[in-house]
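Peer 1: Chain residues, written in single-letter form:
Protein chains: 4
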Amino acid sequence: MTVKFGLLGAGRIGKVHAKAITGDAQAQLVAVADAFPAAAQAIAAQYGCDIRSIEAIETATDIDAVVICTPTDTHADLIERFVKAGKAVFCEKPIDLSLARVKSCLDVVRAHKGTLMVGFNRRFDPHFKAVRAEIDKGTIGDVEMVVIVSRDPGAPPIDYIGRSGGIFRDMTIHDFDMARFLLGEEVTEVAATAAVLVDPAIGAAGDFDSVQVMLKTASGKQAMISNSRRATYGYDQRIEIHGSLGAVSAENQRPVSIEVASAAGYTRPPLHDFFMTRYTEAYAAEIASFIAALSGKGTASPSGEDGLIALALADAAVKSVAEKRTVLLSEIL
Amino acid sequence: MTVKFGLLGAGRIGKVHAKAITGDAQAQLVAVADAFPAAAQAIAAQYGCDIRSIEAIETATDIDAVVICTPTDTHADLIERFVKAGKAVFCEKPIDLSLARVKSCLDVVRAHKGTLMVGFNRRFDPHFKAVRAEIDKGTIGDVEMVVIVSRDPGAPPIDYIGRSGGIFRDMTIHDFDMARFLLGEEVTEVAATAAVLVDPAIGAAGDFDSVQVMLKTASGKQAMISNSRRATYGYDQRIEIHGSLGAVSAENQRPVSIEVASAAGYTRPPLHDFFMTRYTEAYAAEIASFIAALSGKGTASPSGEDGLIALALADAAVKSVAEKRTVLLSEIL
Amino acid sequence: MTVKFGLLGAGRIGKVHAKAITGDAQAQLVAVADAFPAAAQAIAAQYGCDIRSIEAIETATDIDAVVICTPTDTHADLIERFVKAGKAVFCEKPIDLSLARVKSCLDVVRAHKGTLMVGFNRRFDPHFKAVRAEIDKGTIGDVEMVVIVSRDPGAPPIDYIGRSGGIFRDMTIHDFDMARFLLGEEVTEVAATAAVLVDPAIGAAGDFDSVQVMLKTASGKQAMISNSRRATYGYDQRIEIHGSLGAVSAENQRPVSIEVASAAGYTRPPLHDFFMTRYTEAYAAEIASFIAALSGKGTASPSGEDGLIALALADAAVKSVAEKRTVLLSEIL
Amino acid sequence: MTVKFGLLGAGRIGKVHAKAITGDAQAQLVAVADAFPAAAQAIAAQYGCDIRSIEAIETATDIDAVVICTPTDTHADLIERFVKAGKAVFCEKPIDLSLARVKSCLDVVRAHKGTLMVGFNRRFDPHFKAVRAEIDKGTIGDVEMVVIVSRDPGAPPIDYIGRSGGIFRDMTIHDFDMARFLLGEEVTEVAATAAVLVDPAIGAAGDFDSVQVMLKTASGKQAMISNSRRATYGYDQRIEIHGSLGAVSAENQRPVSIEVASAAGYTRPPLHDFFMTRYTEAYAAEIASFIAALSGKGTASPSGEDGLIALALADAAVKSVAEKRTVLLSEIL
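Going down the list, the sequences are from chains A, B, C and D. No gaps in the numbering here: position 303 of the first sequence is 303 in the numbering used here, and each next residue is one more. No gaps in the numbering here: position 293 of the second sequence is 293 in the numbering used here, and each next residue is one more. No gaps in the numbering here: position 251 of the third sequence is 251 in the numbering used here, and each next residue is one more. No gaps in the numbering here: position 106 of the fourth sequence is 106 in the numbering used here, and each next residue is one more.
Since the hints were derived computationally from the structure, they do not count as laboratory data. One should not assume that every hint holds.
Said to hold, decoys possible - Keeping only pairs whose Cα atoms sit at most 25 Å apart, straight-line, the calculated PhoX-like set for lysine-lysine is:
no., chain 1, residue 1, chain 2, residue 2
1, C, 4, A, 19
2, A, 4, C, 19
3, B, 19, D, 15
4, C, 324, D, 297
5, A, 19, C, 15
6, D, 4, B, 19
7, C, 137, A, 19
8, D, 19, B, 4
9, D, 137, D, 15
10, A, 319, B, 324
11, B, 319, A, 324
12, D, 319, C, 319
13, A, 93, A, 137
14, A, 103, A, 319
15, B, 113, B, 4
16, D, 297, D, 137
17, C, 319, D, 15
18, B, 15, D, 19
19, B, 324, A, 324
20, C, 19, A, 15
21, A, 93, A, 19
22, B, 19, D, 19
23, C, 324, D, 324
24, B, 319, A, 319
25, D, 324, D, 4
Next comes chain A alone, as it looks inside the complex (with noise of 0.2 Å):
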C-alpha cells in the first residue's frame, strides 16, 4: 500500500517533510498547497507533485493523508478541518499555543475517530531512541532521575518571540516531551525559574531567555532541565538518566570528528549549528513512522494528547515563575 500525501505548507520545514515523504517507498507526495506560489511550486517541481489549494487537498480523493507545516495559528482548525474530511493528520507542534483550543481541537479528533499524530521529532532521533531502547530493555533498572541541558545557538527573532507563547511553550515543550518519554510515568508536579540573561529585548518582549525547571511524578521519579537560548559551541542537546541499576546517556551531535591537538591543548570543532541538521535523521524517521502506522504497522505517536500534556506542563512552568511555587499538573489540566 501507498500512502498519498498533501502538504500543507511549503515552507522551511515543509521542505524538509517532502524530502522524506517523496525518498519513502511507501508513500507518494501527490500535491502541495501554499499561500506563496513560489513556495508550493519549488517543491512541485523538484518532485513533481500537483500544486493545489487548501480546499481541494481537502475534498481529494486520491489524499490520504495530509502534513501540517502552515502557521501555529492555523493548526488547530486545519487538523478539525482534515479530521473531519477522513483524512490521516500529522501536524508540526504545537497544536495550539492555547491549552482550551488544543482540547477542544482533540475533542473533534475524537469525534471523528481522527488519527493526528504530532511532530515532537526528537523522540524519532537514533541517539534518543537508542537511550529510550536502553531503559526498555531494564538496562539501567527503574528510571529515577532524568537531566536534560537543551541549549539552542542563538534566539529566534524578536517578532517572532513575541508570537512564541514564551520560552516554555516554544522551547521547552520539546524536553518536556523527552522527559515524559523518558520517566515513564505522568509529570504531577513542576517547578520553574526563569530570567532574561542572554538579550534584554527578549525581556521587553514579555519572555525570558534562560530558564530551568524541575519535573516530579506521583511516584518521586524526577527530571531537570536546564534551557537557554544562547550556546556560541552550537546546538547543545544532552539528555542523561539515571536508574536503579545504572545511567544511560546521549551526546552531543557534530558535523565533523576530528580533533586537533596543539600547544593550546586538545580541540574538537562545534557541534551542529541549527536544527534541522542536527535534526536530520530523527525528521526522516518521523515521517516514516507516521507512514508505517497508517499502513498499520504500530501506531501515529506521539499523540494528540501528548501534544496537550506537553503544553500543560509549559503552563505550568509558566505559572510556577509567576507565582514562585510549585504547580501541580491537576490545577492546569
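Position chains B, C and D relative to chain A; hints supplied.
Peer 2: Chains B, C and D alone, transformed into the frame defined by chain A:
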C-alpha cells in the same frame, strides 16, 4: 616559618589531614588528640608526633593551629575554645547543623578576630579549580547558568543518616558551596524537589535520597543541582558552567583510564568509588592553602561565613520541599 | 547543465552510486547495464531509467559519463572502451591488479585525453576531508608523521581472498592512498611485515590477514599503517597526522553515540560494522565531486595516476615482505 | 622487615626515588652519595639520612639495597661492585649503551646470584598495568597486534643527544620494553625507519628525531612504534593492543580534565609536559615493587635480562636503518 599543628580527631579524615600536614615543608605536626587512644597512637607512631589531650593542645605554647576532625556536634564548641586560645582553626564541615549555633559560633570567632577556615575540600580539586580559573580569566564571559550532577556511589549507614541533618545539609551542602564558588554572585532564591527512591529505610529515618535544587541570584544567574545517594558506576561529580561566551565543564575522574573494545562495545572502567580517592589531591591542597594563609600568603578561605551560607541554602531547600514553594534566602538568614 | 549517466554494474556498490546520481540535481541516470537482468531491473524500477546493454551505452548519444562497478577484471577494458567512446569515466578501484595492465590502460586514457576518476571513496569522508583541510590551513605546520590504524570487522569469503590480489592490493591500498593524500609528498620507500593470525584458511589461500607497513618520503616524512582482517568491535578506521606545530586526528564513527554507565563501567556501542554504512556520506560526496568536475568545477580526482601509485605501493609491500627489506618505489614504477 | 637503602646519585631522578623510599612503610633511606655535596645534602636534610661515600655504602652493614641513579656510564661498574658486596640493586635504565658491556655485567650478577632490577618505570604506570591486566584476564583473547605512539614534548639538549646512544637506545628503548611486556612473546624481527625532521642539529650530532619501528615475533604477532622528539601538545604516550576477541588501549594523561566550549569548538588542556609528572605514580610503584620483592613478595622485575633484550632491539633498529632491511634479533644477541 613553620606552622605547628595540633590535630583533633584521628579518624579517617584525621589521617588524611595528618598526611597532608607532615608532607608540607612549611608545617609540622606536633600533637594529636583522640578519645580513642589507639587511633591517636597510630598517627603518633607513623609521624613521630605527641599524643596530648585536647586541653593540653588548647594551652600549648608550641602549637599555632588546629585541625578539627572530631564528630560534628563538637565542632562549634571546639572552634570557640581554640579561637579563644589564640589558635588558627581549620574545621571540617559543617560547623554545626543548627544555623543559630553556627551564627553564635561565628560571633565568637569575630569577637576574637580568630582565623577560621571551613573544609569545603572540593574547591581545591585541581579540575574544579581549573574550571574556576577559566571563569576568572573571562574565557566564558559572564556566568549565566550552572549545572551540577553529584551522585554518591552508595548511601551512608542508616544510623548516620539519622544524625546527618538530612541530605541537603549533609550532601547537597557541598554543591551549594560549589554553586556559590562558581556563580560569583550570592544566591537569593531556592526551590527544591525531594523523594525517596533508593532505600525506604532512608525515608523511614526522615530523610530523602534523591533531590533536585534550583538556585537563582538577584541578577538572574541560575544553578541546578541533581543529587542521589546511588550511582552504581562510582562517584559521579560533574559541573558545567555556561556563560555569555561559552561554557566550561569538569568531567568525572577514574582511577585508570583504559578502554576495552569488544563485540559488546567500548568500555571504560567505573569511576572512583570513594570520596577519599576521588579527592586525594583536593585534601592535600586544602591543607596546603590553610598553611599558606597562616604563612601570610592569601587568606584562609572558604571562611566560616561560607559555611554559614551553605547551611542556610540547605535550610532553604528543606523549607522549599516542605512548603512546595520558592524560598528566599532572606527568609532564612 | 545536467550530466547524463550510464551505470555499468547493478550490484551492491552500483546501487549506492545509483542513489547518489539520482539524488544529485546536476545529474540524471539514463541507463543501467548488468549481466544479471534482475539486478538491472531493480535499479531501473526504483529510479525510472532504461536497461541497456554495455554496447548500447557505449554508443549512446544521450549519455555523457559512466560509472563502472563491474567485476575488477573488466575494469581496464571498460575504461579503455568508454574513454575511446568519448565518455567520462568513474571507475571503482582498482583499475586492475596488474601494474602493467594499469599502465597500458592509462596510456589509452591519456592518448584519448579521457577523463578518469578512481573510486578511493575515503578521501570524501567528511571527517578525513576535515583532517586534510586542517593540514591545508597550516594548523599543524609541516606534516611529519602519519599513523593509520585500519581494521575490518571480518575477513571476506575465502574465494574472494583468492582473486583479491592479496591484502596489500585489496585492503591496504585504501591506506596507501590515504597516506599519500595526507603526506603531501610522494612515498619513496616501503617496508612491510605480514602474518596470518586471524584465519589459517587465508594463509592457505596464499594471503595474509595481519600486516604492518612503514612508508617514507624523500624528505623523511613517514607513515605507519596497521591492518587486520579482524575487529570484533566494528569497522576501525582511524588516522592521525603529526606536524611541526601539532597534530590532527579523525576518530571512529558509530551509528549511535550513547553511553551506558553501570557497575561494569561506561560502555558505548560498537562501531559501524559495514563499510557501506560507515562511508555512506563518502560515497555520495565522491559522485557529487565527479559530477562537479564534469560540470567544470574542479578536476576529476583521485585520478588514474593515483590508482597506479597506490597499486605500486602495494606491490612494493608484497616485495618487502618476500625479501625482508625496504623496497624503493623506483624499483616498482 | 624494613629494607634499608643507599641512594647513589642525588640528581633529579634520585630525588624521585628518595621520596618513594621514604614514603614506603617497608623501607628506610639510610644514606645518600653524590659527587656534588650540595645535591646529597638536600636529600639528607629533607629526609634525615646520612651522607656517605659510594665506598662507605658498599661496605656498610646497615644497608641492604641500593638505587643507582648516577650517570649512565657508571651503571655497569656500580652494578658489579654492589652485587659483589651482597646488596640488592635497582638501576636506572640503561645498564650500558654497549651490548657487550651489558652482557659481561649480567654475567657478574649471575655469578654472584645477585638481585638486579632495571628501571623501566612505564610497566608500573597504573594505566599500562591495567592494560596488561586485561590481557592477562583474557579479555582480548590472543594478542595479535600492538600500536605504540610515543612522542616527547621536546628534544633533550644537543650535548645529551651526543652521549645518549641515539634515539633508539635512549627513547624507543622504553617502547621496545613496553612492546615485549604486552606481546607476551619474544620479538624475532625488527625493521625501522628514521629521519631528522625536528632539528637539523640532532642530525648533525649523528642522531634521528623521528622514527618508526615494526616488530614481529616467531608466531607472527606484530608491534608498531611511532616516535618523535616533538609534540607541542605535551607528553604523548599511547598504547593499544589488538587481540582475537577485542582490543584494549590506554589514553594520554593530562593534569586537569576540564573542557572549554566556545565558538572555536571544544578544547581540553594539553597533556602533561614532563615525564616526571606524567609518571609520578609509576616511579613510586616501581620502587614499591622492588621493596616488595626484597621482602619476599614477587620477584624483582623487569630484570637485567629485560634490559639486555630491549637494548638488543635498539641495536637491531639501528642496523635496520643503516642496511635498509629487516634485522633478525638472532643477528644481534
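Peer 1: All hints are to be evaluated individually against the structure, with a verdict given for each.
Peer 2: Results for each hint:
1. C:4 - A:19: holds, 23 Å
2. A:4 - C:19: Judged against 25 Å, a Cα distance of about 23 Å means the pair holds.
3. B:19 - D:15: Roughly 19 Å separates the two Cα atoms, so the pair holds.
4. C:324 - D:297: Violated, because 44 Å separates the two Cα atoms, which is more than 25 Å.
5. A:19 - C:15: With a Cα-Cα distance of about 20 Å, the restraint between residue 19 (chain A) and residue 15 (chain C) holds, given a limit of 25 Å.
6. D:4 - B:19: The hint holds at about 22 Å.
7. C:137 - A:19: Violated - the C-alpha atoms of residue 19 (chain A) and residue 137 (chain C) are around 35 Å apart, more than 25 Å.
8. D:19 - B:4: Roughly 22 Å separates the two Cα atoms, so the pair holds.
9. D:137 - D:15: violated, 36 Å
10. A:319 - B:324: holds, 14 Å
11. B:319 - A:324: holds, 14 Å
12. D:319 - C:319: holds, 20 Å
13. A:93 - A:137: Status violated; Cα separation ~29 Å.
14. A:103 - A:319: Holds. Residue 103 (chain A) to residue 319 (chain A) sits at ~19 Å (cutoff 25 Å).
15. B:113 - B:4: holds, 20 Å
16. D:297 - D:137: The hint holds at about 21 Å.
17. C:319 - D:15: Since the Cα atoms of residue 319 (chain C) and residue 15 (chain D) sit roughly 51 Å apart, the hinted pair is violated (cutoff 25 Å).
18. B:15 - D:19: Between residue 15 (chain B) and residue 19 (chain D) the Cα gap is close to 19 Å, so the pair holds against 25 Å.
19. B:324 - A:324: Distance ~9 Å between residue 324 (chain B) and residue 324 (chain A) Cα, so the pair holds.
20. C:19 - A:15: Holds, at roughly 20 Å.
21. A:93 - A:19: holds, 19 Å
22. B:19 - D:19: Cα-Cα ~14 Å, so holds.
23. C:324 - D:324: holds, 9 Å
24. B:319 - A:319: holds, 20 Å
25. D:324 - D:4: violated, 49 Å
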